[in-house]
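K.L.:
Model the full assembly from the supplied sequences, consistent with the hints where possible.
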Amino acid sequence: TAVISPQDPTLLIGSSLQATCSLHGDPPGTTAEGLYWTLNGRRLPPELSRVLNASTLALVLANLNGSRQQSGDNLVCHARDGSILAGSCLYVGLPPEKPFNISCWSKNMKDLTCRWTPGAHGETFLHTNYSLKYKLRWYGQDNTCEEYHTVGPHSCHIPKDLALFTPYEIWVEATNRLGSARSDVLTLDILDVVTTDPPPDVHVSRVGGLEDQLSVRWVSPPALKDFLFQAKYQIRYRVEDSVDWKVVDDVSNQTSCRLAGLKPGTVYFVQVRCNPFGIYGSKKAGIWSEWSHPTAASTPRSVRRELKQFLGWLKKHAYCSNLSFRLYDQWRAWMQKSHKTRNQDEGILPSGRRGAARGPAR
Amino acid sequence: DSWGMLACLCTVLWHLPAVPALNRTGDPGPGPSIQKTYDLTRYLEHQLRSLAGTYLNYLGPPFNEPDFNPPRLGAETLPRATVNLEVWRSLNDKLRLTQNYEAYSHLLCYLRGLNRQAATAELRRSLAHFCTSLQGLLGSIAGVMASLGYPLPQPLPGTEPTWAPGPAHSDFLQKMDDFWLLKELQTWLWRSAKDFNRLKKKMQPPAAAVTLHLEAHGF
Numbered sequence: 001t002a003v004i005s006p007q008d009p010t011l012l013i014g015s016s017l018q019a020t021c022s023l024h025g026d027p028p029g030t031t032a033e034g035l036y037w038t039l040n041g042r043r044l045p046p047e048l049s050r051v052l053n054a055s056t057l058a059l060v061l062a063n064l065n066g067s068r069q070q071s072g073d074n075l076v077c078h079a080r081d082g083s084i085l086a087g088s089c090l091y092v093g094l095p096p097e098k099p100f101n102i103s104c105w106s107k108n109m110k111d112l113t114c115r116w117t118p119g120a121h122g123e124t125f126l127h128t129n130y131s132l133k134y135k136l137r138w139y140g141q142d143n144t145c146e147e148y149h150t151v152g153p154h155s156c157h158i159p160k161d162l163a164l165f166t167p168y169e170i171w172v173e174a175t176n177r178l179g180s181a182r183s184d185v186l187t188l189d190i191l192d193v194v195t196t197d198p199p200p201d202v203h204v205s206r207v208g209g210l211e212d213q214l215s216v217r218w219v220s221p222p223a224l225k226d227f228l229f230q231a232k233y234q235i236r237y238r239v240e241d242s243v244d245w246k247v248v249d250d251v252s253n254q255t256s257c258r259l260a261g262l263k264p265g266t267v268y269f270v271q272v273r274c275n276p277f278g279i280y281g282s283k284k285a286g287i288w289s290e291w292s293h294p295t296a297a298s299t300p301r302s303v304r305r306e307l308k309q310f311l312g313w314l315k316k317h318a319y320c321s322n323l324s325f326r327l328y329d330q331w332r333a334w335m336q337k338s339h340k341t342r343n344q345d346e347g348i349l350p351s352g353r354r355g356a357a358r359g360p361a362r
Numbered sequence: 001d002s003w004g005m006l007a008c009l010c011t012v013l014w015h016l017p018a019v020p021a022l023n024r025t026g027d028p029g030p031g032p033s034i035q036k037t038y039d040l041t042r043y044l045e046h047q048l049r050s051l052a053g054t055y056l057n058y059l060g061p062p063f064n065e066p067d068f069n070p071p072r073l074g075a076e077t078l079p080r081a082t083v084n085l086e087v088w089r090s091l092n093d094k095l096r097l098t099q100n101y102e103a104y105s106h107l108l109c110y111l112r113g114l115n116r117q118a119a120t121a122e123l124r125r126s127l128a129h130f131c132t133s134l135q136g137l138l139g140s141i142a143g144v145m146a147s148l149g150y151p152l153p154q155p156l157p158g159t160e161p162t163w164a165p166g167p168a169h170s171d172f173l174q175k176m177d178d179f180w181l182l183k184e185l186q187t188w189l190w191r192s193a194k195d196f197n198r199l200k201k202k203m204q205p206p207a208a209a210v211t212l213h214l215e216a217h218g219f
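Taken in sequence, the protein lines are chains A and B. Heads up: the first sequence begins at 1 in UniProt numbering, then just goes up one per residue. Heads up: the second sequence begins at 1 in UniProt numbering, then just goes up one per residue.
In short, the hints are calculated from the structure, not lab data. Check before you lean on any hint, since a few could be wrong.
Examples of chain A residues toward chain B, derived with CB under 8 Å [stated by the list, open to error]:
#1 Gly72
#2 His149
#3 Thr150
Quick reminder that beta carbons are idealized off the backbone N, C-alpha and C, glycines included.
P.N.:
The structure is reproduced here in structure tokens:
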């Protein structure tokens, strides 16, 4: 066997490494001649190696790249027949940068979940350990968050023992083999960052036969009753193939809203979210919840418009140039009149209701 | 005729002890639990395949290369699955089960000690999940042994397998040990499937014996 020196070194990207492979207790006759190096399974060019003496092979690697895997690059010294004599793990990377963009929220005023963004580079080549710390602003003891990766790779959840009406200082420490970095401190009061789950049971339905309207209904989040706060809502909607959302903002305390001015015969996606406010009497709002799952609904097709388009097409193809839109309007008026008299006899439909949704018999 | 009925009843009751199978009507025997253990080894084998793939990629080349065969140094203490075919064939049931039980106890212990601080959270979760499944396998083997009346092997004091890295235990040596642990686990699961298949075949005849008895007494 042999021994590689240095054993498991940590290096900065761009630095150089000088290593040696020294034979130990092998049967006499084995020399450093014929030994060779591989890095991550690939044989290194012979010009990088040098035989120092009968039992030592040296290696010089310049301008090192970041480690291929976080467990370290595998530098191996092989005997002439290819068998492994010794190995060393190289950890090449950068010290961590300051984590930033810490955001926290509480779902039930007893816990706190925080998320942050890692500083740019050092994070991928070497394993970087993140630690979320918090303490009450004016009483000294530091606490460390224990439940990580709750909402993504850079997040932590503090489940209990949090005080209300008093500010906390929160920060994130990033550490790896080459050093550590600390984020800026975020100060907050739990009651200022309250949020809820999105409103459940969002239903979107047509408003009778109205071609340009949809009715949205939802249920207020259950936490509302438990924690005695009010909620304000926001609705957003978009046409099926579009990416532009329209937002309806002042949906204060109601749990329903009617969208108007929509295109007939179109599929719309609708989402609702809510923001708790008036928590324990304060005037401040909390944090907006996630948007509810998109609910889809379509506005009724405008039969009149479609017929107009159809007649236009017919005219172009000169099949029946006698037909005109006027004829259709006359027919519709006649239909409505006969509908009215018929139903007044039977007393079923309320007068004035549009029969357009029924349309001509198919 | 009430005396006639009593006589008939007495005859029936007198004959009952001669049909021992009737005593065990509620006991299906070790068969189902052997089948379950066999199924578990196949499931674990499947789970290990994906876990090992991910783990070896984490260790990086050459560990994840197909024919990689490093020296087996620290892994000397791992329980070896490979055994001479004749020796394997001639194992009695108790020894066969005991070897399986002891092997997985050791392997589970080493797996738990696989303290790869740098591993991703996902890898740590997969490892933990595998350990739980392996514990299930141990429980299953213990169940089979109990139903056959064999005592569970007790760990002798002082021979507790400890993952004791020597003072010069480098990260690279640790990687090689990890490699062999996964390899040995794989081999054991292959072997266990054969062990339990063999046991399953041995346990089948008794069901035929029960029907024979019933026919002989005209029930």
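K.L.:
Against this structure, judge whether each hint is valid.
P.N.:
Structure-based check of all given hints:
no.: 1; hint: Gly72; in the structure: 6 Å, holds
no.: 2; hint: His149; in the structure: 5 Å, holds
no.: 3; hint: Thr150; in the structure: 11 Å, violated
Hint 3 from the list above is the single one not met by this structure.
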